[in-house]
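Add chain B to chain A, keeping to what the hints say.
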Amino acid sequence: MVEAAPRSIRAATALYLAAVLVFVLGPLVVVAGVSFTGGEYIAFPPQGLSLRWYEAILTSSVYVGAAWTSLKLAVVVTISATVLGAGAAIALHRGRLPATSALSALFLSPLVLPSIIFALGLLTLWSSLVGRTSFYALWLGHTVIAVPYVIRTALAVLSTSDKFLEEAARTMGAGPWKAILHVVIPQALPGIAAGAFFAFNISFDEAIVSLFLRSPEITTLPIQIYTQLEFSPDPSIAAVSTLMIGLTVLLIFVIDRVLGIQKVAG
Amino acid sequence: MTAAVHLDNVTKSFAGVQIIKGISLSIQKGEFVSLLGPSGCGKTTLLRIIAGLEEATSGSIHIGGTDSTRLPPEQRDIAMVFQSYALLPHLTVLENVMFPLRMRKLGNRAEQRERAEAALKLVQLSHLAQRRPRQLSGGQQQRVAVARAIVSSPQVLLLDEPLSNLDARLRESMQEELIQLHRQTGLTTVFVTHDQEEALSLSDRVVLLNAGLIEQEGIPDELYVAPHSRFAASFMGSTNLLEVHLEPSGDGARALLPAGQSLVLGGAPHKRGKATVMVRQEDVRLAPASAGAAATATLVTRIFLGSRTRYVLDLDGHMIRCLAPADQHFDVGEKVSVLIQPDRIRVLAD
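In order, the protein sequences belong to chains A and B. First residue of the first sequence? That's 1 in our numbering, and the numbers climb one at a time after it. First residue of the second sequence? That's 1001 in our numbering, and the numbers climb one at a time after it.
Okay, chain A solo, but in the shape it has when bound (with noise of 0.2 Å):
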């Protein structure tokens, strides 16, 4: 730390701190706030402790049957998105490909799109193409959504690594896939348990694809939420919110295990 830094940078660094502080980590507490509550309705602070929102939520075979569904599509969109992307950011690494600024900033376009034009694309192309949605829709729509992340984090990897590697193991007796498999893809890994990471995340949290592909049968849990919201809003949805961040920070935490026990081996 500088040592010598002004009083106005440093008051600038405590104000800037206690606004992250607010914002991000506030409504955090005010959901977990609230999901603990004893009464009907949702308000902060809490009235009276109690557990009997988890337990409506436990034994709510709608919202049981969201998070299943949730969790299902997050984890086909995971495989879907970390092979497509994992595959593309190794094409674009090795940059043989005609016109590799033109693919890569394609591959990174629904990171800028508005997800809302992306979704109502979908949806009118799905309809014409397909018919009904159905999970295979949000599974695509996810899928969409999710590469570029993970074609970033396995990119933001792979630039950092020795460019011969590649040809080293060629000149070594593998040939074009072993190469790849024995040497890219370790060299990627971290990169890409990140991208997957991120991949399951914005699947399990994603609303606007979902909402505009949801049908009868298929609701996300996030989607669940807001039907919630709309029509009978109760402490419920505070108790699902404070069980999805739950689970955001664990495998937050198992990522970081993973990914940290990968930066001292490898």
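FYI, nobody ran anything at the bench for these hints, they're computed from the structure. You may find that some hints are simply not true.
To be verified - BS3-like mimics (lysine-lysine), calculated; alpha carbons at most 30 Å apart, straight line: (1) B/Lys1105 x B/Lys1021; (2) B/Lys1274 x B/Lys1335; (3) B/Lys1121 x A/Lys178; (4) A/Lys178 x B/Lys1105; (5) A/Lys163 x B/Lys1121; (6) A/Lys163 x B/Lys1105; (7) A/Lys178 x A/Lys163; (8) B/Lys1021 x A/Lys163; (9) B/Lys1105 x B/Lys1121; (10) B/Lys1021 x B/Lys1121.
Frame of chain A, contents of chain B only:
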């Protein structure tokens, strides 16, 4: 006997620009050959063509008698040490050295391990077998790369400026180790470098490249003592190049300097007219100025080097450099006689 590596009229173009302009070269089994030249001369490209990492635009490459022109690198019996060493960071040192054996399916796991350990022993790194590459110093990484390259006993060992990332002292000791290793393994070796001293000290034969063509090739002494061209002379070391006018004199010839002084040439009769002559700085001898001397020069700079002293002289407008014994002392501004053995002055071809 078939050559270990045979290149026949190889060319290479990138985006319409010819980098290699037709190179033919035969490397004998067990030979240590250096590809020497300035950056951009095509030496690394030529090495990559032998490795199969680049495909020749035309011409053919035979490795161990097999036409390898269109073979991918993994099907050529080669090994390469990269400038960056290209060690696999996720594997241990031992696993790195075993990697070529695994990929080429040479022997079972136990045999692979044994061979890798033997290779590590050869580069004196047995004690670091379980480390990761990033835990090693540059010199150690370099030796792992060498062990990994020799472990599969390839037909040809390709080295791409492997010493350029090491500091001067380490580079010197690695040169000695490479010479020893080459003697022990007898591997045919192609060594790419831009450092003429490295090429001279390591190789059986030096191939000097310039702008995609072989400028001159031969044993190190020959290249050093008898460069054919101005380029070869200036690239092969500290040397003086003088623009002169040749004319016959008695039964020999002499070289006229711009201001009318002259140097006596030895050997066979030379062509007349304008020419470039070469004199090595260690072949220029100085003496106190005397009336009868062949040429007189003014001393411009004196640099004490310890064992010797380097002087820069103004000889008729040509700045020439000379290495004199340390016990010989002249002062800046002094006039001195310049004595050069006639057979030490080479007339260059171009």
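Results for each hint:
1. B/Lys1105 x B/Lys1021: Distance of about 37 Å is beyond 30 Å: violated.
2. B/Lys1274 x B/Lys1335: OK: B/Lys1274 and B/Lys1335 at ~27 Å, within 30 Å.
3. B/Lys1121 x A/Lys178: Holds. B/Lys1121 to A/Lys178 sits at ~28 Å (cutoff 30 Å).
4. A/Lys178 x B/Lys1105: Measuring from Cα to Cα gives roughly 13 Å; hence the hint holds.
5. A/Lys163 x B/Lys1121: Roughly 29 Å between the alpha carbons, so the hint for A/Lys163 and B/Lys1121 holds.
6. A/Lys163 x B/Lys1105: Holds - the C-alpha atoms of B/Lys1105 and A/Lys163 are around 25 Å apart, at most 30 Å.
7. A/Lys178 x A/Lys163: holds, 16 Å
8. B/Lys1021 x A/Lys163: holds, 27 Å
9. B/Lys1105 x B/Lys1121: Given pair B/Lys1105, B/Lys1121 holds - Cα atoms ~22 Å apart, limit 30 Å.
10. B/Lys1021 x B/Lys1121: Answer violated: B/Lys1021 to B/Lys1121 is near 42 Å, above 30 Å.
In summary, the numbered hints that this structure violates are 1, 10.
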